[in-house]
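Protein chains in written order, with the numbering used here: chain C, 12 to 210; chain S, 26 to 349.
Calculated directly from the structure, the hints in this document are not laboratory data. Please read all numbers here as calculations on a predicted model, not as lab measurements. Don't be surprised by glycine CBs; every beta carbon is placed ideally from N, CA and C. It is possible that part of the hints are untrue.
[Said to hold, decoys possible] What the simulated footprint calls covered on chain C by chain S, stretch by stretch (three residues with Cβ under 8 Å from a Cβ of chain S suffice, anywhere in the stretch; the number is not a length):
1. 42-50
2. 196-207
[What the hints assert, rightly or not] Per label pair, the in silico range of CB-to-CB distance:
3. Lys32/S / Thr31/C: 34 to 40 Å
4. Leu333/S / Thr52/C: 40 to 46 Å
5. Ser30/C / Leu333/S: 56 to 62 Å
6. Arg69/S / Gly111/C: 42 to 48 Å
7. Gln105/C / Trp91/S: 52 to 58 Å
8. Phe31/S / Thr31/C: 52 to 58 Å
9. Trp91/S / Phe117/C: 58 to 64 Å
[Said to hold, decoys possible] Every beta carbon over 12 Å from chain C, so not counted as near; a handful from chain S, in silico:
10. Met57
11. Gly59
12. Ile60
13. Asp63
14. Val70
15. Ser157
16. Val172
17. Val176
18. Val186
19. Pro229
20. Leu254
21. Glu282
22. Met303
23. Pro313
24. Phe323
25. Ala338
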Amino acid sequence: MADSDNKSHHQKEKSNALSTALDMFVSQLRTMALVLKHTFTKADTVEYPEQKPYLAPRYRGRIVLTRDPDGEERCVGCNLCAAACPVDCIALQQTIDEDGRKRADFFRVNFSRCILCGFCEEACPTYAIQLTPDVELAEYDRQNLVYEKEHLLISGVGKYPDYSFYRHSGIEVDIKGERKAKGGAQQEKPPINIKGLMP
Amino acid sequence: MAEILFKLLEITIIIALLIPIAAMLVWVERRMIGIWQDRLGPNRVGPFGILQSLADLLKILGKEDWIPPFSDRLVFIIAPVIGAVCVLMSFAVIPFSPNIGVSDLNIGLLFFLAMASLSVYSVVLAGWASNSKYALLGGMRAAAQTVSYEVFMGLSVMGVVLLTGSFNLREIVLAQESGWLIQTQFLGFVIFLIAGIAESHRLPFDLPEAETELTAGFHTEYSGLKFALFFLGEYLSVTLISAMSVVLFFGGWLMPEPLASWLPPLVWFILKILFFVMFFILLRTSLPRPRFDQLLSFGWKYMLPLALINLLATAAFKLGGFYG
């Protein structure tokens, strides 16, 4: 009894080995057939320089400095972008004009360091620094990747067409040659004489 | 005298055509693998990237041809030459068409097997002379693999010899006029093809190279023109194994009648070879590489018995008068 059991078990194992060998062989053939089918599928390749892939408007590429609707620089040189930058690729210096307007004296972005993370854009309180969907930053010379303010400044308003920091803020500046006094900004109340006694 | 000159001219032409064809195969392979992997493959140099091999050649000529100071210098230089020469020698016995072919050696098949055995030296010596562990492992694998697969490669073609009664490749082709040998020797063909893949160490049997585990196996230390020579040898042997499969099992330049008159015999022969080259490339794209012990046990435990059974059955049928 035990002997015949053993024998049948042995036979079973043998036929199993044969069938697994056959299974393996068939599986190899099946793999080849499946690969061969791909002769007729379209290639996924995008032939890049000729065929530009779509980049969404919010794609994080080259950094620009935008202007407000009046055509003035939005950047007030507050340094928050440089502080937020994880790779320290932004360098700038603030100056104050005679009319009280704050600007960046120089503004330098080193694109050989920049990781296009967009933290500077998030940190910017005046929507001045923005990322654009341009990724073609290749240069033969490393020095050419250091962009100065004149390279970064664009003539447009970027993503926020109506926003103007100085028209909102309570700082006394000239806007289009006209003096904007204290209390003259949008949604700003006229200044209160805190020493007056009247209610 | 004129006859010898004519023969020399024929040899020169065949070599001068074979080497560019082998180089072109690199491009064909990369394009085909690209297509099967839903990519495009190299398509920049020339129309459809057809000049890619030329660009590769120029690049490889510009590389430093470095001989490692720790290597066995003489053997290191000779090894790639042995490989390419052995494969080119094998082409001497291939009958390309009714009147093209370098030699009608009456032991042509044995000559092919001998050259296949000799080309192992190229790989083993390269692995040994490089004096580096990856190269040595690759060379060792090549030795074991090629020696074990040669055994049943020889046995698998003996069925063909039995049926045609000749070792002369031209006579083997002519004996298939009534019908290709694939009809009666299907098992022999499958075994021969598997052994051929292992002989030319192409994927899935590329264990001597095995980039993923051995850097580049036996040619890890090679660069420049010597590396190119190994590459050339590999693609030539792909062509050779394809040509041998066609000659032994698919009637060489012969074609059934309505088709035969459409194209010259040489073109049919080349088309058949191309079919097998494509098959080699398809194998490379689709199959994974086995483990080394799996490879050897597959050879000795399955392929060798199968080859023996095939030979025995063929002999029995032949004796029984099955083939007339």
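Verification of the hints:
no. : hint                           : verdict
1   : 42-50                          : holds (count 7)
2   : 196-207                        : violated (count 0)
3   : Lys32/S / Thr31/C: 34 to 40 Å  : violated, 53 Å
4   : Leu333/S / Thr52/C: 40 to 46 Å : holds, 42 Å
5   : Ser30/C / Leu333/S: 56 to 62 Å : violated, 22 Å
6   : Arg69/S / Gly111/C: 42 to 48 Å : violated, 58 Å
7   : Gln105/C / Trp91/S: 52 to 58 Å : holds, 56 Å
8   : Phe31/S / Thr31/C: 52 to 58 Å  : holds, 57 Å
9   : Trp91/S / Phe117/C: 58 to 64 Å : violated, 49 Å
10  : Met57                          : violated, 9 Å
11  : Gly59                          : violated, 7 Å
12  : Ile60                          : violated, 6 Å
13  : Asp63                          : violated, 5 Å
14  : Val70                          : holds, 14 Å
15  : Ser157                         : holds, 33 Å
16  : Val172                         : holds, 23 Å
17  : Val176                         : holds, 20 Å
18  : Val186                         : holds, 27 Å
19  : Pro229                         : violated, 9 Å
20  : Leu254                         : holds, 30 Å
21  : Glu282                         : holds, 30 Å
22  : Met303                         : violated, 10 Å
23  : Pro313                         : violated, 9 Å
24  : Phe323                         : violated, 9 Å
25  : Ala338                         : holds, 18 Å
The structure shown violates the earlier hints numbered 2, 3, 5, 6, 9, 10, 11, 12, 13, 19, 22, 23, 24.
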